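S.K.: For the protein sequence lines, the chains are R and L, in the order given. At position 208 of the first sequence the residue is numbered 208 (this note's numbering), and the sequence of numbers has no breaks. All you need for this note's numbering is the position in the second sequence, starting with 1, plus 1000.
Where hints are given, some of them may not hold.
Claimed, not checked - Quick list of simulated restraints, FRET-style, between CB atoms:
no., chain 1, residue 1, chain 2, residue 2, range
1, L, V1084, R, D187, 55 to 63 Å
2, R, R27, L, V1181, 28 to 36 Å
3, L, W1029, R, R35, 52 to 60 Å
4, R, N89, L, L1073, 30 to 38 Å
5, R, N111, L, W1029, 24 to 32 Å
6, L, G1235, R, D147, 42 to 50 Å
Hints listed in this document are in silico derivations from the structure and should not be mistaken for laboratory results. If you're wondering where the values come from, they're calculated on a predicted model, not measured in any experiment. Think of the CB as a built atom: it goes at the ideal place given N, C-alpha and C, for glycine as much as any other residue.
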Amino acid sequence: MVVTTASRPGTIAAPRERTGAPGVLLRDVRHAFGRHQALDGIDLSAGTGVFGLLGPNGAGKTTLLRALATVLKPSQGSIRLLGRDPRNNDEMRQIRRRLGYLPQQFGYYPNFTVFEFIEYFALLKEMPPRHVKAAVALAIKRVGLEDRAKTRMKSLSGGMLRRVGIAQAIVNEPELLLLDEPTVGLDPEQRVLFRGLLREMGERATVFVSTHLVEDVAIACNEVAIMEAGAIVFRGNPVDLTDLGAVPGEGGGDSAIERGYGLVLASARKR
Amino acid sequence: MTTQTPSSFDPGVTEEEMHTLDVNLDRVWLGVTGTLWSISTSRIERVAGSLLRSPALARALVTTPSLIFSWILASAAVFILGAVVANFTATPVVPLLAPALAGVAVAFAYGAGADPTYEISRTMPTSARMILLLRVSVVFVTNAILGSLATAIVPGVADVTMLWLLPMVAISLLGLAVAVVTHSATIGGGASLAVWGVIVLAAQFRTDQLSAAVSQSALQSLAPVYLLIAALSLGVTLWMSGDGAKRRELAGWL
């Protein structure tokens, strides 16, 4: 089936073929850094929607996102992304054309303007040149940086830089969007707008969001996984997690979903 | 005179068509805004884009800040060394090592430590290593042009410089072509090193001198071979960079 994304209101990307396969399919994925087992037998399947990744520091969230972003090649297991095998060079290139990625450490060229920076990555993503300018303008509009489009990156605040990072990730209307701590530095108003953008992207793409902010997951995600010591110790929807923490006082935390998160982690650590 | 109330007003188009009209206006706005916000493409970038058949590679070539310092550093190192050798010693080891020095300078200018966007760049379909290989080739081609210009001014310097520059232009273009064909910059880089190693060792085997490959006589005898390698490699790269229809057209023409 050919989906013409340009037919949707406010989208610019060129027509492309969708496979209908799950966005992400992982089987027994393992990876170690020296003696540290960063990923320990991950099995995961995810389709269209927003998938939240929660977990303490060092749980393996960033490593998992880097593996999904084709940056890191796991030492064991198989990964299929958008129905394609990233071990095959041609298929990896097809995946990367359809990928959006915001790393935890977002680097930038200080002398580029916001527009130039996003345009640079739109071109590297091999978007058709005739679509690039309008696509960049749309990405800038979506993150609310219209008044900063011609501002140099070095003049932006931390939150604005994060929004530029999000814009470069979504400029190609990705089918697989990976965001590592996207809300760091965003003010409350921007976080609300960002959740709306996440839900919008999740209607047509597989979106993975790694975050420490449980409330972002509760509001914006269709599914959630909790990672601990390189493994997924919980998977369900935010309501399931909230139900786990329904009893005040158990698991710590101010809200039910925070208590649910605490209980899942405590249970995983006892095993 | 009758006036139409909003409820009875017939715009002549269906609601769906009105929606399409909105979308088109939105797209027009985005197109206009994008053009206003962007900076016009430089002539160098346009030429590079048509030569490489890739706007992405052209942009990566001309705008990435990490390139500029390394380019200047590599060129300066090479030409200063060349001048020192020409004026103070006759040591032939430097021309043998200088290409590697320039290549290493460029290679180390690209990576997590030097390129702040390295992590994102690694997820791009336009390979970061391919960009690096392209940059190396362009550095050597530029240095070859500068070396040729220097011939007219300081012949002694130019001789020493050109002894290794012509081979490196050919070798780096060969590496680029191999990388494009195999979709692997590692194989391309390996092919470059292997071919250069074979040339150096073959010249040493014939003359019993390590520096024979960068001697004046070797350059004179091998210059046509280097030029042929460079031309074929460039042709293959351009051919592979084009789309299927253009490839078939070029194949038919050949």
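S.K.: Take the hints in turn and mark each one as holding or not.
M.R.: These are the hints, each one checked on the structure:
1. L:V1084 with R:D187: 55 to 63 Å: 57 Å, holds
2. R:R27 with L:V1181: 28 to 36 Å: Since the Cβ atoms of R27 (chain R) and V1181 (chain L) sit about 32 Å apart, the hinted range of 28 to 36 Å holds.
3. L:W1029 with R:R35: 52 to 60 Å: 55 Å, holds
4. R:N89 with L:L1073: 30 to 38 Å: Hint holds: Cβ distance 32 Å, inside 30 to 38 Å.
5. R:N111 with L:W1029: 24 to 32 Å: Distance hint for N111 (chain R), W1029 (chain L) holds at roughly 28 Å.
6. L:G1235 with R:D147: 42 to 50 Å: 48 Å, holds
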